[in-house]
Amino acid sequence: MNKLLEKDVYEMLLKYFGRSTAEIYLYSHKDKSDDFIILSLTELLTKYLGEEKAMEELNKLKNDL
Amino acid sequence: MKTRISLFIFAFILVSIAYIFEAEKQTFLNQILFLIFPVFAVLTGILAVKIYGLKSIAGKSLLAMTLGIACWAIGGIIWCAYALLNIDPFPSIADVFFLLGYLLVLLGLYMEFKKAQIQLSQLKKSTIILGLLITFVLTVIVFYFGIYMAYDSSVGFLENVVAMSYGIADLILIIGSLFALLMTRAYRGGKFSEFWMIVIAVFVLNLAADILFAIFSVPYTENAKPYIYIDLLWIAGYLLFAYGMLDNYFHIKAIRKRIKNQ
Numbered sequence: 001m002n003k004l005l006e007k008d009v010y011e012m013l014l015k016y017f018g019r020s021t022a023e024i025y026l027y028s029h030k031d032k033s034d035d036f037i038i039l040s041l042t043e044l045l046t047k048y049l050g051e052e053k054a055m056e057e058l059n060k061l062k063n064d065l
Numbered sequence: 001m002k003t004r005i006s007l008f009i010f011a012f013i014l015v016s017i018a019y020i021f022e023a024e025k026q027t028f029l030n031q032i033l034f035l036i037f038p039v040f041a042v043l044t045g046i047l048a049v050k051i052y053g054l055k056s057i058a059g060k061s062l063l064a065m066t067l068g069i070a071c072w073a074i075g076g077i078i079w080c081a082y083a084l085l086n087i088d089p090f091p092s093i094a095d096v097f098f099l100l101g102y103l104l105v106l107l108g109l110y111m112e113f114k115k116a117q118i119q120l121s122q123l124k125k126s127t128i129i130l131g132l133l134i135t136f137v138l139t140v141i142v143f144y145f146g147i148y149m150a151y152d153s154s155v156g157f158l159e160n161v162v163a164m165s166y167g168i169a170d171l172i173l174i175i176g177s178l179f180a181l182l183m184t185r186a187y188r189g190g191k192f193s194e195f196w197m198i199v200i201a202v203f204v205l206n207l208a209a210d211i212l213f214a215i216f217s218v219p220y221t222e223n224a225k226p227y228i229y230i231d232l233l234w235i236a237g238y239l240l241f242a243y244g245m246l247d248n249y250f251h252i253k254a255i256r257k258r259i260k261n262q
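Chains Z and D are the protein sequences, given in the same order. FYI, in the numbering used here the residues of the first sequence are 1 to 65. FYI, in the numbering used here the residues of the second sequence are 1 to 262.
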């Protein structure tokens, strides 16, 4: 995961799911590719935030790629 | 999840039975029952705040809402203590806690509203018109029963100010319901929207209870039946709040498990 994406993923996960969840995510995904991160976040965010909000957040993250 | 819902419904049925089949006057048991639920709601709120942590807006907003419920719980405890000592609990320090609770709950909702970055311009015109119409009708009802009817020329200035303040607090609940409604829309289709639906239900129950209390405050404070059944609306509200907080807690637990398994 690139550093810019890592920072923004952390901020986004912190906002919606809390600090520990954000830290667990980054630790578990530190060796994963950017594409994998986006795919996993698409599933996670769509399930909990709904499709519209998930797309809104993911579009912000895609700017980091 | 189904087990959790069943447990909450079962708890509510048990309380309702205790209220309906108890002696003519409100008993010590009923007063204790009335206090268990807000305390339980606060405990579940603490659990939810803990899992989010205070570094996140979600944790801070849930904390504000939990502190609001805690104020209502403290107010309830003071109210019951006065009642048990045969002292008129209205107006009293309990009212300070009750009224402060509304402000804290609204603060929590406002923080969430800001976090969701809701663009009002994205809403359909029909949704805005319907929302404004419902708000207007509720505001008129609350203004009439909670503020206008709350004024009693036979009692003192302080008592009138406190009684009318509850009407103003109910207007806060209406604003809060609007925030929650917008949040439900923002997270449409997602699991988090369910929490905001629960919050709306909590506010509607509280609003109904507050309006009924404003209309029947005299027989209610005399512990007469069926007026004390108003308590059941507040209890249902506390139970729903606790359910919502637990739901939030278990969502985060599930998310962490899912992340670890990826």
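Derived by calculation from the structure, the hints in this document are not laboratory data. There could be a bad hint or two in this list.
Said to hold, decoys possible - Sample of chain Z residues at the chain D side, in silico, Cβ under 7 Å:
{"hint": "1", "residue": "18"}
{"hint": "2", "residue": "21"}
{"hint": "3", "residue": "48"}
Stated by the list, open to error - Calculated from the model, a selection of chain Z residues having no Cβ within reach of chain D, i.e. all distances over 12 Å:
{"hint": "4", "residue": "3"}
{"hint": "5", "residue": "56"}
{"hint": "6", "residue": "65"}
Beta carbons: idealized from backbone N, C-alpha and C, even for Gly.
Here is what the structure says about each hint:
For the restraint placing residue 18(Z) at the interface with chain D, the shortest Cβ-Cβ distance is roughly 4 Å, inside the 7 Å limit, so the hint holds. Contact between residue 21(Z) and chain D, as hinted, is supported at the beta carbon level, the nearest pair being about 6 Å apart and thus within 7 Å. Given the 7 Å rule on beta carbons, the hint for residue 48(Z) holds: about 5 Å separates it from the nearest Cβ of chain D. Residue placement check: residue 3(Z) keeps its beta carbon more than 12 Å from all beta carbons of chain D (closest about 20 Å).
Its beta-carbon lying about 8 Å from the closest one in chain D, residue 56(Z) breaks the requirement of being farther than 12 Å from that chain. No Cβ of chain D approaches the Cβ of residue 65(Z) within 12 Å, the least distance being about 19 Å, so the stated non-interface status holds.
The structure shown violates just one earlier hint, number 5.
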